[in-house]
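Colleague: Take a look at the letters that make up each chain.
2 protein chains.
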Amino acid sequence: MSTADQPATGATLNDLDSPFPTARQRSRERAAKREAVLRAAVRMFNERGFHQTSLDDVAARLGVSKPTIYHYLGNKDQVLLECVKLGLTQLLDAAAASRALPGTGADRLVTFLTRYAEINMDDFGRCVVRTRDEALEPDSRTKFRALKRQIDDQLRGLIADGMADGSLAPGDPKLLGFALAGALNWIGHWHEPTGALAPNDIARQLVTTLARGFLPR
Amino acid sequence: MSTADQPATGATLNDLDSPFPTARQRSRERAAKREAVLRAAVRMFNERGFHQTSLDDVAARLGVSKPTIYHYLGNKDQVLLECVKLGLTQLLDAAAASRALPGTGADRLVTFLTRYAEINMDDFGRCVVRTRDEALEPDSRTKFRALKRQIDDQLRGLIADGMADGSLAPGDPKLLGFALAGALNWIGHWHEPTGALAPNDIARQLVTTLARGFLPR
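As you go down the protein sequences, you meet chains S and Y in turn. At position 164 of the first sequence (counting the first as 1) the number is 164 in my numbering, and the numbers step up by one without a gap. At position 24 of the second sequence (counting the first as 1) the number is 24 in my numbering, and the numbers step up by one without a gap.
You may find that some hints are simply not true.
What the hints assert, rightly or not - Just the calculated beta-carbon pair ranges, DEER-fashion:
no.: 1; chain 1: Y; residue 1: A146; chain 2: S; residue 2: A96; range: 40 to 46 angstroms
no.: 2; chain 1: S; residue 1: A31; chain 2: Y; residue 2: S54; range: 41 to 47 angstroms
no.: 3; chain 1: Y; residue 1: P21; chain 2: S; residue 2: G171; range: 42 to 48 angstroms
no.: 4; chain 1: Y; residue 1: G63; chain 2: S; residue 2: A31; range: 54 to 60 angstroms
no.: 5; chain 1: Y; residue 1: D172; chain 2: S; residue 2: T89; range: 29 to 35 angstroms
no.: 6; chain 1: Y; residue 1: D153; chain 2: S; residue 2: Q52; range: 26 to 32 angstroms
no.: 7; chain 1: Y; residue 1: R28; chain 2: S; residue 2: D152; range: 42 to 48 angstroms
Stated by the list, open to error - Here are some, though not all, of the chain S residues that point toward chain Y, as calculated from beta-carbon distances under 10 angstroms:
no.: 8; residue: M44
no.: 9; residue: Q52
no.: 10; residue: S54
no.: 11; residue: L55
no.: 12; residue: L86
no.: 13; residue: A106
no.: 14; residue: E134
no.: 15; residue: L136
no.: 16; residue: L176
no.: 17; residue: A183
no.: 18; residue: N200
no.: 19; residue: R212
no.: 20; residue: F214
None of these hints come from the bench; they were simulated from the model. In this text, a Cβ means the ideal position worked out from N, Cα and C, and glycines have one as well.
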């Protein structure tokens, strides 16, 4: 379906004059359709489990045919890889944004962890946590693992910075990284999107607990 | 094979006189064989993954036939259920032992968490963490979930006691429970049994980090 007959903000005269979509419009449409497929797929993977969801199910929910999904994304393995890549890209973006902030290493770590927790309560982050390496085909698995390793490295880098500037308690950055990642990845398993607390409240409370410990200060 | 010809400590005259095993010996032998099957199975499940391991593989490693495994434990679902039950029983025993200790609620929680971390580095605890509910048949899954819920309840109870006696920082016991369980369950995914640090050192360091937080005190 063309959107040429729906003038959008910033539409050029050209957009309005021709009934044929421009290259830019086609590319935007393609991206929108791709995203709709990914959003439908990731929700079904998260709700039912990857193995219990077929691309036919995803196609049915979107009211399209399975070949349409193949056209936009490829096979089920490629759809899953795209879903986890979106989640991991959000985490990497959050790490880059946190590292660029002023303040102490502890401030930057807290910012990153809070965003990390929030992403794990969102569709694509939840999918990252719920996807086992073995669910992906070997090539995709290699990519998935490499991206996860980048997140681990970013987290350890933030921790090492904070230990170096004295804003974090001294310790083993690797062990602290595992403790924090574990506490926050677990969210993707227990958190109910329909729960009473808002994701940013949960994220803030969890990160405060990890920062201050469970013993009184 | 009978052990009647190998006089054991505490063997009665009866044990030594007869070439036929007594009921007690048969029961001990049966338990030992059952445990050998479970130990071989859990290690293969942990190394290769449950779906990638067949009972034929387990039988081959033990040098027995698959019907022998069926005889002692039942089908693959039942073998997995027994493995996770052993891990969960260790955790429940640790909770009961911790709750019976004197001292503050915080002391009891630290004792339990340290043991919890150690169990997750051991074969059966690792299997609990690595087993997804969906890997089990519906009946076994119900039992698995019920046992895990008991552990969650025990952990929350220990936390609530510590918050009540003021030895823990005030907060939401449920959220703290999720944070702690997540940090410690994650061990079952990253810990390498051949790693440099001893399990009890890793357990102690992780629990200290969770108790004191990552900000300096």
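Colleague: State for each hint whether it applies.
Modeller: Now the hints, each set against the structure:
no., hint, verdict
1, Y/A146 with S/A96: 40 to 46 angstroms, "holds (43 angstroms)"
2, S/A31 with Y/S54: 41 to 47 angstroms, "holds (44 angstroms)"
3, Y/P21 with S/G171: 42 to 48 angstroms, "violated (55 angstroms)"
4, Y/G63 with S/A31: 54 to 60 angstroms, "holds (58 angstroms)"
5, Y/D172 with S/T89: 29 to 35 angstroms, "holds (31 angstroms)"
6, Y/D153 with S/Q52: 26 to 32 angstroms, "holds (29 angstroms)"
7, Y/R28 with S/D152: 42 to 48 angstroms, "holds (47 angstroms)"
8, M44, "violated (15 angstroms)"
9, Q52, "holds (8 angstroms)"
10, S54, "violated (16 angstroms)"
11, L55, "violated (19 angstroms)"
12, L86, "violated (22 angstroms)"
13, A106, "holds (6 angstroms)"
14, E134, "holds (6 angstroms)"
15, L136, "violated (13 angstroms)"
16, L176, "holds (6 angstroms)"
17, A183, "holds (4 angstroms)"
18, N200, "violated (14 angstroms)"
19, R212, "holds (4 angstroms)"
20, F214, "holds (5 angstroms)"
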